[in-house]
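Those protein sequence lines, which keep their order, are chains X and W. The first sequence begins at 1 in the working numbering and counts up one residue at a time. The second sequence begins at 281 in the working numbering and counts up one residue at a time.
These are calculated hints, taken from the structure and not from any lab test. Fair warning: this is a prediction, and the values are worked out from it, not measured in the lab. Think of the CB as a built atom: it goes at the ideal place given N, C-alpha and C, for glycine as much as any other residue. Where hints are given, some of them may not hold.
In silico DSSO-like links for lysine-lysine, alpha-carbon gap of 27 Å or less [what the hints assert, rightly or not]:
id	chain 1	residue 1	chain 2	residue 2
1	W	K553	W	K446
2	W	K321	W	K294
3	X	K46	W	K439
4	W	K387	W	K294
5	W	K290	W	K446
6	W	K387	W	K290
7	X	K187	W	K625
8	X	K213	X	K75
9	W	K515	W	K290
10	W	K446	X	K46
11	W	K387	W	K515
12	X	K187	W	K439
13	X	K187	W	K686
Cβ pair distances, simulated, as ranges [stated by the list, open to error]:
id	chain 1	residue 1	chain 2	residue 2	range
14	X	I50	W	A677	34 to 44 Å
15	W	D345	X	R58	53 to 63 Å
16	W	D442	X	L73	44 to 54 Å
17	X	R9	W	P637	44 to 54 Å
Residues per chain, in single letters:
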Amino acid sequence: MSTFDQDNRPLILEAGRADHQYWIDLWRYRELFFILAWRDVAVRYKQTVIGVVWAFVRPFMTMVVFTVVFGSLAKLPSEGSAPYAVMVFAGLLPWTLFASVLSEASVSVIGSANLITKVYFPRLVVPLSTVVVALIDFLVSLTILAGLMLWYGVVPGWQILLLPVFVLLALLAAIGPAIWAASLIVKYRDFRFIIPFVTQIGLYVSPVGFSSKVVPEHWQMLYSINPMAGVIDGFRWCILGGDSPIYWPGFLVSLVVIAGMLVLGARSFRRSERAFADMV
Amino acid sequence: MSDVVIRAEKLGKKFIIGHRTEVGPVFVDALSRGFRNALRKGADMLRGRAMVEGDVVEDFWALRDVDFEIRRGEVVSIIGHNGAGKTTLLKVLSRITEPTEGRVSIKGRVASLLEVGTGFHPELTGRENVFLNGAILGMTRAEVRRRFDEIVDFSGVEKFIDTPVKRYSVGMYARLAFAVAAHLESEVLVIDEVLAVGDAEFQARCLDRMSAVADAGRTVLFVSHNLAAVTALTKRAIVFQSGRVYFDGAIDEAVAHYATSLRKVKTDRSWGKGNTTSLISATLVDAGGMPTDRYEPGTPLRLRVVLETSGLRGMSLELVLRDEHNLPIGFYSTSVFNQVSLPGKPGQYECSLVLEPYWLASGEYCFDLMTGLTYVDTDHRVDNALRFFVERCSPDAIPFNFSQGKGNGALAMRLAGPVEFTELPAAGQEPKPGPE
């Protein structure tokens with residue numbers, strides 16, 4: 001059911017018809033967005049023993065492992081005087097946000113097949129609503145970071161105020177490829193196996209367990225094609241301030257890649273969503 | 281005209297379907313087939329087309345050249361047997377899928393109910409699901425809140441409204457789901473088979489509610505196999521057959537046309553004849569005597585067979601029931617089971633058989649018909665004489681649909697008494713037979 005036709009013009013359905021009202025429709029369906037997001041949050045830790053504690057345990061354990069492996073065993077340098085654990089965690093936060101949005105949103109459309117084959121709504125609502133769950137887990141992890149910073153006595157500078165900007169960037173960086181993959185997975189389930197692979201490799205390719213300063217100078221530009229490289233650097237800059245200056249040209253490259261993926265993803269999704277119900 | 285709410289012009293919807301051809305159990309064959317299919321799928325993907333499973337791919341028009349108009353305040357039913365295109369039509373009208381050709385113009389807010397309880401989440405409580413389902417159906421939160429008490433009242437599950445719906449019985453679940461749907465406010469309501477759930481009492485309430493909706497001057501499109509409900513609720517019906525409009529007009533005539541369209545499918549091929557007897561036609565009928573292609577598990581299975589006999593004595597009418605793998609799962613013979621032979625006077629006869637209720641799993645079935653001397657000689661045999669479907673099989677209101685596809689056979693077995701476990705004394709040091 002839909003709330004179109006508020007201006008009493010008939011709705012025309014025919015093949016390949018471009019829907020001018022799409023983005024307005026998307027806005028009209030914001031309640032559905034919130035309620036789907038709320039549903040995902042509400043059921044996330046149902047029937048688990050320790051419940052929301054999982055949101056703390058997972059990132060914390062990853063941080064410990066990375067600190068031991070990269071910091072203590074491989075003896076990679078931290079950024080400036082920052083404790084290795086804080087540096088790792090400041091990278092892990094945006095990465096986990098990115099990876100969980102990418103993996104959840106990309107399978108969300110086929111996961112909602114029962115909705116898609118039974119009711120109309122702008123399909124973009126489905127992958128977008130998964131962002132909220134990831135964001136809440138992110139906020140939980142943020143408190144761990146605050147705890148770590150207290151423990152190590154790290155005082156953030158004014159840059160911390162820009163953190164929301166980088167959170168948004170991490171989300172945008174994930175949404176582009178996620179909706180692109182979502183539209184592809186509906187048609188070709190192959191991508192379902194590719195995405196976990198991407199997030200797994202990405203964890204080691206992106207500067208999560210180590211500082212991006214480890215990458216040689218002349219590779220920095222190329223390295224920034226990975227949009228998360230720029231975002232993670234930005235995060236560390238916000239949290240560690242002067243200890244972790246941003247490599248600006250690389251950051252701009254990351255921005256361009258993020259924007260490009262977003263446009264590509266949205267176009268691919270819009271093009272194929274009309275046939276979702278037939279293929280899912 | 282201005283009061284036309286839905287107008288479909290030359291509407292068509294094409295699907296591409298794949299078939300699997302039979303190959304022998306030779307590994308190389310299977311391998312080469314897998315390879316060929318992978319190549320084809322890869323090529324499809326490069327061209328950006330959807331992938332189709334199977335060896336042979338063909339076009340299938342679920343709807344073709346469909347024209348009709350529906351006026352404001354009309355209540356129209358859409359009937360047709362399985363695969364006639366009804367559901368596809370509803371999906372096009374409710375914007376779930378896009379037509380391949382032609383166009384539809386719709387005025388007003390359309391609410392489509394292709395299923396009750398779409399999006400219900402088992403972990404959430406009844407209250408939470410009302411809001412969730414309402415939002416999915418397009419209601420605003422304010423709207424749901426305003427009508428919440430009415431919804432709960434209609435559903436009759438007040439006591440359990442804060443219990444997760446996974447603890448609900450099927451009936452409660454269906455009632456709550458329908459209650460939300462019944463309170464949708466829209467000018468055009470599109471409903472598909474939602475009455476196939478719940479107990480008889482609840483179905484009656486749903487029908488009441490639907491006729492109230494219709495009386496309130498809203499436009500309703502109603503798809504059903506329940507001819508009794510269709511006749512009671514609507515004055516006009518559109519009969520679909522093989523994706524086309526077969527008949528559009530008054531309900532009584534439409535029901536008659538529906539019956540002939542069922543028969544037409546059946547008599548597509550000639551049944552031939554036997555030496556002394558001939559089977560002419562066979563129909564599955566519902567409790568009201570209307571022809572149908574559905575069987576409701578747990579109700580008597582009613583058949584009507586028309587045959588001709590030359591009057592030879594001792595001839596029997598026999599049935600073999602087959603599941604969707606074409607495996608025989610049941611047999612009936614008039615002479616062996618009931619010591620009844622075909623009439624000794626030559627002529628045409630209609631034979632009515634009411635078989636016991638079975639809990640057949642959902643899926644497709646067919647009857648083979650035979651006349652002859654049982655175990656001695658078959659005179660006339662018609663394989664696949666009568667096909668029918670079971671939509672849902674939930675004996676004792678179990679919360680899922682027991683289907684043939686589960687691979688556990690075609691019959692849901694039921695107990696005559698309770699399940700009982702009697703503890704046996706522990707047998708000394710002997711290892712236990714399995715995990716406890």
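Q: Could you grab the alpha-carbon distance between K446(W) and K46(X) and see if it respects the 27 Å cut-off?
A: 13 Å, holds
Q: Sort out whether K439(W) lies within 27 Å of K187(X), counting only the CA atoms.
A: The hint is violated at about 44 Å.
**Q.** D345(W) paired with R58(X), Cβ distance criterion 53 to 63 Å
**A.** 57 Å, holds
Q) Does the structure keep K187(X) and K625(W) at a Cα separation of 27 Å or less? A) Status violated; Cα separation ~63 Å.
Q: State, for the Cβ atoms of I50(X) and A677(W), whether the hinted interval 34 to 44 Å holds or is violated.
A: 36 Å, holds
Q.
Tell me if the straight-line CA distance from K387(W) to K294(W) falls inside 27 Å.
A. This hinted pair holds, its Cα atoms lying about 25 Å apart.
Q.
Would the hint linking K213(X) and K75(X) be met if the CA-CA limit is 27 Å?
A. Holds - the C-alpha atoms of K75(X) and K213(X) are around 14 Å apart, at most 27 Å.
Q.
Check whether the Cα positions of K290(W) and K446(W) lie no farther apart than 27 Å.
A. Violated: K290(W) and K446(W) sit about 44 Å apart, past 27 Å.
Q. Do R9(X) and P637(W) keep their Cβ atoms within the hinted range of 44 to 54 Å?
A. Check passed, 52 Å falls within 44 to 54 Å.
**Q.** 27 Å Cα cutoff - pair K46(X), K439(W)
**A.** 22 Å, holds
Q | D442(W) paired with L73(X), Cβ distance criterion 44 to 54 Å | A | The hint (44 to 54 Å, Cβ to Cβ) holds, given that D442(W) and L73(X) are roughly 52 Å apart.
Q) Can the restraint linking K553(W) and K446(W) be considered satisfied, given a maximum Cα separation of 27 Å? A) 55 Å, violated
Hint compliance for this structure: hints 1, 5, 7, 12 are broken, all remaining hints hold.
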